[in-house]
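**Q** Make a model of the complete structure from these sequences and hints.
Numbering (the UniProt record's numbering), first residue to last: 1 to 91.
Distance condition first, Cα-Cα at most 20 Å in a straight line; then the derived PhoX-like pairs of lysine-lysine:
(1) K36 to K62
(2) K40 to K90
(3) K43 to K62
(4) K43 to K55
The hints are simulated quantities; they were obtained by calculation from the structure and are not laboratory data.
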Amino acid sequence: MQFGLDEPFKLAIESEDGKNLRLVVLTGDEEWVCHKTNGKTLKKFLTEPDSTLFKGRLQLHKMNDHITVLVKEQAIGHILVVDFEAVLHKL
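**A** In structure tokens form, the structure reads like this:
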């Protein structure tokens, strides 16, 4: 599943083995940065009111009803929390 971010970026969420997930930022069709995590960590992140996930090059910041995607501390787009939750339920 992919989310459109600011041009030319996209965020893809891929299931690796049914338990682990891979979040990938794409520029066009090329991988730019990724982070591996699990569904439990993402669900916990979504339940907290304002939170940050990951500390490396790829970070997700949740505030109110949207998630800001940052790469190298630069915001590259936003995703609605309800849309993100819907994708997680499908994986």
